[in-house]
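Asker: Based on the sequences and whatever the hints tell you, model everything.
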Amino acid sequence: MWGSYCENVLEKRAPYRQDHLDGLKKQKEDGVLVTLGPTKDATKVFGIYEAEDEEKVRKLVENDPYWKNGIWTEYFVKEWVQAF
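Oh and the sequence shown: position 14 is 14 in the numbering used here, straight run, nothing missing.
Honestly, the hints are just simulated from the structure, not real lab data. Possibly wrong hints are sitting among the right ones.
[Claimed, not checked] Derived EDC-like pairs (lysine to aspartate or glutamate); straight-line CA-CA distance at most 20 Å:
hint : residue 1 : residue 2
1    : Lys26     : Glu62
2    : Lys44     : Glu62
3    : Lys68     : Glu54
4    : Lys68     : Asp19
5    : Lys26     : Glu7
[Stated by the list, open to error] Just the calculated beta-carbon pair ranges, DEER-fashion:
hint : residue 1 : residue 2 : range
6    : Glu79     : Lys26     : 22 to 28 Å
7    : Phe76     : Pro15     : 32 to 38 Å
8    : Pro15     : Val81     : 36 to 42 Å
9    : Glu55     : Ala14     : 28 to 34 Å
10   : Glu7      : Gly31     : 32 to 38 Å
11   : Val81     : Ala14     : 36 to 42 Å
12   : Arg58     : Val81     : 16 to 22 Å
13   : Asp53     : Lys26     : 17 to 23 Å
14   : Glu62     : Lys28     : 14 to 20 Å
Bear in mind the structure is a predicted one, so any value in this text is a computation, not a measurement. Where a beta carbon is used, it is the ideal one built from N, C-alpha and C, also for glycine.
Answerer: This is the structure we're talking about:
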């Protein structure tokens, strides 16, 4: 999953950050989230999910507090094949 952050993300995310992190921790524990985080300049987000289909990933993203509150402003999902 690739996505974009809103302007002034570091300030705007504060009220939602703990709920966001708690959700990611649960996804990791459930084995669906491999990794997720911002680019160094905090303009984009990148995540790797291990899910049965794209719809599952979309549901996870769209239920995240960052998406619901406009911290992530857009996203797209591309299936990836691990070559090795």
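Asker: Name the hints, by number, that the structure is in violation of.
Answerer: 5, 7
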